[in-house]
Structures are given as structure tokens and as C-alpha cells.
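Q: Below, each chain spelled out in residue letters.
There are 2 protein chains.
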Amino acid sequence: MTAARPTKRAATPLPGRPARGSATGRPIMALLDLLGRRWVQRVIWELRGDTLSFRALRAACDDVSPSVLAARLADLRTAGIVELTAQGYRLTADGQSLLQLMLPLHAWAERWARRMGRLEPSPR
Amino acid sequence: MTAARPTKRAATPLPGRPARGSATGRPIMALLDLLGRRWVQRVIWELRGDTLSFRALRAACDDVSPSVLAARLADLRTAGIVELTAQGYRLTADGQSLLQLMLPLHAWAERWARRMGRLEPSPR
DNA sequence: ACGTATCGCTACGCATTTCGTAGCACTCGG
DNA sequence: CCGAGTGCTACGAAATGCGTAGCGATACGT
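Protein sequence lines correspond, in order, to chains A and B.
Per the numbering used here, the very first residue in the first sequence carries number 14; after that it's consecutive.
Per the numbering used here, the very first residue in the second sequence carries number 14; after that it's consecutive.
The set of hints was computed from the structure by calculation and includes no laboratory data.
Where a beta carbon is used, it is the ideal one built from N, C-alpha and C, also for glycine.
Don't take each hint at face value.
What the hints assert, rightly or not - For the chain A half of the interface with chain B, some residues (derived, Cβ under 7 Å), not all of them:
id: 1; residue: L27
id: 2; residue: P28
id: 3; residue: L44
id: 4; residue: Q54
id: 5; residue: R55
id: 6; residue: L118
id: 7; residue: H119
Starting from the given sequences, assemble the full structure and let the hints guide the process.
A: Structure below.
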């Protein structure tokens, strides 16, 4: 399987198409597949307020390798979450609305940090 | 760098510790690292209303391999998001509150599906 | 006690993904 | 022409995820 494309990488998850780990194509599964890829949420996060050039975005993302960043940006553009303008990459209207759903995560993470600070983990 | 580490897996991302792709340890980065790992959001999603046994959870997650599921459950337990009871795995109170933040994603994904249905992507 | 069926979970080897470095093609200002 | 900026790709190496098989423990029926 996997076609003989020059650059072979996994298909961008889109609603209606099977996502990794779910053949149903339900939108939520495609979204979780997309958001579950490395750097995707980080990219959205770093674009929360600014239009960033490819290299500025790369720097903001702890100097992620350009090959992975290019792949993730292609995914996000295909998904209609990010667009490339003359000034650089920025969130689309859809991306903005998705970001709004991610903002409460910030507050949750802060509370989480306080709770974890008290409890040393004891797995296993 | 990083010598061979047999049978060792990446540490569970926790607030205050460096996450993959971010050495700052900011809670949001640790959370994005944790949620960005494959199957983590799916597991939370599948546990949204029920207590599930390991195998039932595995079946719900499209028969994910048990090694990965065990690793993710260990992460989630260390993070205090999931707990193991005599009846099986279930979300903790923290996990429930995190789930509440994920629910709007479902609605977003549905709208996303409708929008993507209209527009065939034309990147590049 | 025995066989069977479930449970949570691990070992191990292979496939996929990600990474890091290098560099290309292009544009703009000097 | 010459840097310096842009977006982006190639390619080998490392990290991560996956699938199959199976372990020890527990619970049940006979």
C-alpha cells in the first residue's frame, strides 16, 4: 500500500475520510486525528494573535524541523484552518473559531499545574 | 546524542517539566504535548460517559494495540486525568472538567465537515 | 482440583513518523 | 552581481507507534 508518490506521507485527515484509528470518517475522529499530530496544536497556538512567516513560526515552535512544519502547514491549509498570505501564515476564520475552543485549555492547564504540584505521581 | 535506551519510553508530560518541543515547562505546553500524543484524546472521548475495562476501551478505540493503550493510560493516570477502579478505567474529576472543554470540539467538527464538503481544497 | 474464560498488561520486531542538517529556487534592496 | 530574506524539499538517522503473541492473576463451572 502507500502509493509511489515522490513525497510519501499520510493523508491529511478530513471529515468524511477515514482517520488513523477510525475508519468511520466521523468528523470528530478526523479532527482528533488532525489535532493529535505533533505540532499541530502548537502551531495553532503560536498563530493565536499574529501572522507569522514560515521561519518565524518555526522559531516560535522551538525550531521544529522545517520538513515537519511544512507537512503540518500543508495539513492545516488543506483543512482550511490556516492560510498563507503575502505577510505569512495566519489562522482562517475557521481556525480562529477553533482557537477559541482551545483557549480554555490554557486556564485548565494552569489549574492542573497547581494540582499536580501537590501530588507526586504514583503509577504502576 | 542520547544513547540507546532499550525498553524506555518518553516521560509523561507534566506541568513544570519540559515537554517535547518546549523546554519551558509551561503548563500549556505540557498539556499540548500530552494531548498531542496519539490516542490520548480518543481515550478521553471514549471514557466520556462510561467506566470501561482495558479491553472494552481497547475495542472502543478501534482495537488500538495494547502496548500503546497501556502507555497512554499510564500517562493519563500519572497526569491525574484517568483512574483505575475495580470496575475499570474512568475519568477523574479533573478528567471530567477537561472533557467539558473538548465537547465543543464535536460541534466544531460538525460545522467543519459541512464547510469542507463545499470546498475542495486547493493548496499551493 | 481442573479447564476455561476473562482480566490488566508486557515483550519484541517491524512500520511509520519525526528529526536534523543541508541546501535549492525565488525575490528584493543595494 | 551580491548578500539576505523568503518558502520549502531531500535524505539518512532516531524516536515513536503498531501488531502479534503471550504472561500472571482472578473467577467461574464441573
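Q: Confirm or reject each hint.
A: Hints and how they fare:
| no. | hint | verdict |
| --- | --- | --- |
| 1 | L27 | holds, 6 Å |
| 2 | P28 | holds, 3 Å |
| 3 | L44 | holds, 4 Å |
| 4 | Q54 | holds, 5 Å |
| 5 | R55 | holds, 6 Å |
| 6 | L118 | holds, 6 Å |
| 7 | H119 | holds, 5 Å |
The structure meets every hint from the earlier list without exception.
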